[in-house]
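There are 6 protein chains.
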Amino acid sequence: MDLSDATWTDVRDVDTDLAVVPVGSTEQHGPHAPLGTDVIGAEAVTDAAVDRTDREVVRAPAIPIGIAEEHRQFPGTMWVSEDTFRSYVREAVESLAHHGFERVVLVNGHGGNVDALREVGGNLTRSGAAYAVPFTWFEAVGEHSADMGHGGPLETALLRHVDPELIREDRIEAAQEGRADGWGEWTSHTNLAYDAAEFTDNGVVGDPGNGDERRGEELLELAADALVRLLETIVERDVSRPERR
Amino acid sequence: MDLSDATWTDVRDVDTDLAVVPVGSTEQHGPHAPLGTDVIGAEAVTDAAVDRTDREVVRAPAIPIGIAEEHRQFPGTMWVSEDTFRSYVREAVESLAHHGFERVVLVNGHGGNVDALREVGGNLTRSGAAYAVPFTWFEAVGEHSADMGHGGPLETALLRHVDPELIREDRIEAAQEGRADGWGEWTSHTNLAYDAAEFTDNGVVGDPGNGDERRGEELLELAADALVRLLETIVERDVSRPERR
Amino acid sequence: MDLSDATWTDVRDVDTDLAVVPVGSTEQHGPHAPLGTDVIGAEAVTDAAVDRTDREVVRAPAIPIGIAEEHRQFPGTMWVSEDTFRSYVREAVESLAHHGFERVVLVNGHGGNVDALREVGGNLTRSGAAYAVPFTWFEAVGEHSADMGHGGPLETALLRHVDPELIREDRIEAAQEGRADGWGEWTSHTNLAYDAAEFTDNGVVGDPGNGDERRGEELLELAADALVRLLETIVERDVSRPERR
Amino acid sequence: MDLSDATWTDVRDVDTDLAVVPVGSTEQHGPHAPLGTDVIGAEAVTDAAVDRTDREVVRAPAIPIGIAEEHRQFPGTMWVSEDTFRSYVREAVESLAHHGFERVVLVNGHGGNVDALREVGGNLTRSGAAYAVPFTWFEAVGEHSADMGHGGPLETALLRHVDPELIREDRIEAAQEGRADGWGEWTSHTNLAYDAAEFTDNGVVGDPGNGDERRGEELLELAADALVRLLETIVERDVSRPERR
Amino acid sequence: MDLSDATWTDVRDVDTDLAVVPVGSTEQHGPHAPLGTDVIGAEAVTDAAVDRTDREVVRAPAIPIGIAEEHRQFPGTMWVSEDTFRSYVREAVESLAHHGFERVVLVNGHGGNVDALREVGGNLTRSGAAYAVPFTWFEAVGEHSADMGHGGPLETALLRHVDPELIREDRIEAAQEGRADGWGEWTSHTNLAYDAAEFTDNGVVGDPGNGDERRGEELLELAADALVRLLETIVERDVSRPERR
Amino acid sequence: MDLSDATWTDVRDVDTDLAVVPVGSTEQHGPHAPLGTDVIGAEAVTDAAVDRTDREVVRAPAIPIGIAEEHRQFPGTMWVSEDTFRSYVREAVESLAHHGFERVVLVNGHGGNVDALREVGGNLTRSGAAYAVPFTWFEAVGEHSADMGHGGPLETALLRHVDPELIREDRIEAAQEGRADGWGEWTSHTNLAYDAAEFTDNGVVGDPGNGDERRGEELLELAADALVRLLETIVERDVSRPERR
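Residue numbers (numbering that gives the first Met the number 0), protein chains in the order written: chain A, 0 to 244; chain B, 0 to 244; chain C, 0 to 244; chain D, 0 to 244; chain E, 0 to 244; chain F, 0 to 244.
No wet-lab data here; the hints were simulated from the structure.
All C-beta atoms in this analysis are idealised placements derived from N, C-alpha and C, irrespective of residue type, glycine included.
It cannot be assumed that every hint is accurate.
Partial selection, computed: residues in chain C whose CB lies under 10 Å from chain D [as the list claims (entries may be wrong)]:
| hint | residue |
| --- | --- |
| 1 | T6 |
| 2 | T25 |
| 3 | H31 |
| 4 | A61 |
| 5 | P74 |
| 6 | M77 |
| 7 | S94 |
| 8 | L95 |
| 9 | F100 |
| 10 | R167 |
Based on the sequences and whatever the hints tell you, model everything.
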């Protein structure tokens, strides 16, 4: 059930404690992919999973602005501070839990949100407000996950499948030329860079040429299946906190 | 320019300091109108105005969850605290201003957000971070504004025009039966109620029967024209702060 | 019972759950009216109402500094941030509620405090700490309310009645010359101004010549009567929160 | 110059950078002394000093509610949290400094405020916002200071001089009977008590019989003289911060 | 039981509700004494007391960085804000109380921490989270306490006894030459100074020549004995909060 | 240079902008390893690296209490909230930067601190206060890193080398029996567990039998060498922020 389209009487009549909240970011994804890439990805995976599962799941509107100051050198990137993002997500989930939707998956499309969502999930869960876990789609696509960059093969492929007009095919070559091969600058397993502009000229990491529409279709299937499995597992899980030892 | 669809290079090449941020709420709007009503309204007005103006305007993604705890007795209503909402909006605007979009209209579709947006606009403006003002569409539709309720004639009309399938026509009668005529419970010009459920049985205020599609079309035109005038005025305005007296 | 003058044993022996807290501001009111105008007004109305009602009411000391940064260009104006003001008022009310004074009217004399007091009242009420509502005296004086400005006819009249020496009669003409006719600068129902100095030269809005002592007397009566009605209504009101729908 | 009574044009024309802010508390002072004792004391000392000095001094309105949770077992006691109190005082002083009143004495009448005011003064001073120091009147009355209790000889004497009707002479005996001799319960130079009710039955510490009106007059003179000396010293002091060593 | 060296199974098997937390500061102590002086002192007194008492006491790790901005002109001084320090100590104690160690002494070695620790203790105690009191060793060494300075006779003596290599004996003369005799600059019982560098050239207050190793031994004995008495008293104390009057 | 042992004059005379701050946690590490394991590890690696490098490095005291609520079911575990931990570390680093030590490595011994330290480093770096990066020793020991558990082979080995008495050899068998093989409970690449007690009976993850003293020696060497390389890299790195694109 899509919360935005439903009425409160529809929600009243639904029988589930399961909800999903897509979480994205509005930030640069190279010269060829839109600033909304991470929102689009999170929503696409969410909707595909909700379609596939037999479970009743309440689907909240997507949170469109996340933790993305690392892209601030690239025009159009929006962000909020980590504290504000955590509060916004936590309180949004608490309002869902207020209505009994107490098992929540935060379906995430942006690497910069990962740590914050895990922290939010832990605090919600330990306080007893809700049981909430983040699911980041590109971590759950099998061997493809190793190819994750930024505006790279995975995200470009997914968009080519989901909303192909948003990929500027005539700029793929430019995207490839200014790209970095990997995320960050590493010494002794420490990333020395804090801003993407320290290691990528045009904001791209990974080769967007390696992600055609069929790969996008496969990614969406893999991610949606993984999310369905997660929902199935969560709905059965004992989420009470362990006893003192 | 829709920020979500644009690339950072598109944004880099745009020549304007004007931006609009639709701000809504996901909350009950009676048995006949969707929880997303306020987001849909804010986006519809924003997009109509951006279409009509000759000015280049950057259009941010809509903020979907606002200040709506007053509707918490109605299932599906989402909300965040006033503090968190203010921080989220303020920092989102600051990130726009970081890229030079320093004149910002917060296009609002929810009464509960009004005070907070005014506070955010004042703090952004006085601090010098950006010049930002809230525009609440249903306050700017001439004599219609006097009819504003909640899930009432104006919002129902607007949705009938913008996305008619979202209005459950078969529940209009029920919506009318459980509605309140006015917002709040007043004594000595003081509203004694804090929760909508104190004065409306089904969340509706005003008669949704009084808002057909043609009224919705007129509302959209009036609101969009008002927003265009506001943008025109703001772009010319001297927004520097006054001198000490 | 005036809390400042009472002893704790006096307070222990009182039998009521009703309290009033005057809330003002120390800010410019033109060349003719004192910075303390809003405190004086809030206290005068509070005391007149406490005198008139048969109910036992605990009267707290006035909070003298409010939300007034919009007047910062005028020397002597004091203010605190919205967050700090809200915390100060909320916690002060919580301390009253700790002693059983759980129905509280915040008697307000300053327009800039209105939104914040409503927010505080809502949070106190929803959390169950206390039932608290703001009452802003100049909104409750019948048709006079339409004349409200700033250092204008209403406030000047009230002070002429309450403490006439504080009005500098020899500066009324100067006050009239530099005044604005209305509050703010409006386009499309949006106030573009955030600082009073954007639209008034000397801080005055409205004509202080239109407020003689007799009008002040009438204003005080009207406001005090309205407040008495509010107290009577509140004391009988069921302030428990509504059930989930 | 009393800020509350002055107009902004009066304040504009004053030539000083010196301000005083009385700070009190509304809290129990035994069965014989009013809850407002600490505000009355702070204001009396402030006004006596302003009268005696030749310096132009801006006198802010008194802050009436302080840090007094330690008296919460006694009805009528009001308080705010330490954090809120510090913010309220700090921001109030910052608003004075905004107009050039950058040397500020916080004239304090309540022991529970002492630590917080010192912290606020330090933060204001180190940040460069203002130079501010707390002055607690009963610490500056020579050998009398050793007699300071709570609702005891000093405060009772001061009120007998300043506003004798507020002392309930017919309850002095009761006040004496339930009093404690000293503040706190001490072991190894550590006060084990956090609430006054742990060591005083009726909230009184020290013998209010030992404070007649003449002692009150002397206390006021001593405190006012001390405050005048402090103002004289501050106005000449180099308040710039020291160099790095 | 030293918590850092114990295993969780050891802690599980201990039968006490008593804990001690050494709290220090890393800050200048003149040219002759180390920046760690306050941590070393707090730990030495803590360990001596734990050794002497028959009670089982859980000994937490020392908190090494405190409130010391007043020494910021002297290189190497570390500090955090008062708010952060209070939160860190409070939450650390709450975690001890979570395991049943609900009577806690904060053994303090730094004057700048005193007010904050008292505030933390009060908030923990009133909220019911734990009963916690600060103990500052140099306030509890009898007549020696009058000699307390900064890097002066007491601290220098204690270190000469506890860890003599840390005192640079060849710089004692220099320490004496640049020292101040007393802490602060006082007018009307108000300290006008906020930074130590306002009144001491080299950071020293008091004569470090007056503190030999034997005095240090005596100080440690006195402080440890006082702390043992405090622990004995606390373990027997009724720490429930008083009834409403 | 160890800051705790140095005097401020020593620090003044040092010529470097490089500092290291060991960061640990006081938390359960199974029945065989001490609660202080993470502090000991962080300090050992820090000190070994400082010994090995030719660079002058300022070594701050270790921060002993971190983010460890996930171990709260095991007695003795201490923790603070994520917010408080971040503030404490950030402000401590800012105080170092105040003295010119503006390139800082946070040498971390606890997995639960990793995300928070990265966030703190980013905020310090982007604000310009300091350039700070976290280094977590067990991520930088080559192929050994894959064996990292909790109280498992790596930490047990390191302690056997660094402070062998702290490992209870007679409890290794018990540690092995109650241990988990891996950290967390995973579905679709999402860890469903928030508390360690959800997946380990005795708090151990990994086999502590696989970590003898020689392995500990090698780990210390590998980690120290990695940290030295990091320090060398950082000291040469251009840490200015990139230009706007």
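**Request:** Identify whether the interface hint at C:M77 stands, where standing means a beta carbon of chain D within less than 10 Å of its own.
**Result:** holds (4 Å)
**Prompt:** Does the interface hint hold: is C:F100 within less than 10 Å of chain D, judged Cβ to Cβ?
**Reply:** Holds, because the Cβ-Cβ distance from C:F100 to chain D comes to roughly 9 Å (cut-off 10 Å).
**Asked** With a cut-off of 10 Å, does the beta carbon of C:R167 approach a beta carbon of chain D closely enough for the hint to hold?
**Response** Check passed: Cβ of C:R167 comes within 7 Å of chain D, closer than 10 Å.
**Item:** Interface restraint verdict for C:H31 against chain D (beta-carbon cut-off 10 Å)
**Value:** This interface hint holds because 7 Å falls under the 10 Å limit.
**Asked** If you take the shortest Cβ to Cβ gap from C:L95 to chain D, is it below 10 Å?
**Response** holds (7 Å)
**Asked** Does C:T25 pass the interface hint, meaning its C-beta sits closer than 10 Å to a C-beta of chain D?
**Response** holds (6 Å)
**Request:** Would you settle whether the hint for C:T6 is holds or violated, based on the nearest Cβ-Cβ distance to chain D being less than 10 Å?
**Result:** holds (6 Å)
**Item:** Minimum beta-carbon distance criterion (10 Å), C:P74 to chain D
**Value:** With a minimum Cβ separation of about 4 Å from chain D (threshold 10 Å), the hint on C:P74 holds.
**Message:** Given C:S94 as an interface hint, is its Cβ closer than 10 Å to any Cβ of chain D?
**Reply:** OK, holds: C:S94 within 10 Å of chain D, min 4 Å.
**Item:** Hint validity - C:A61 Cβ closer than 10 Å to any chain D Cβ
**Value:** Cβ of C:A61 sits 7 Å from chain D, so the hint holds.
Going through the hint list in order, the structure satisfies each hint without exception.
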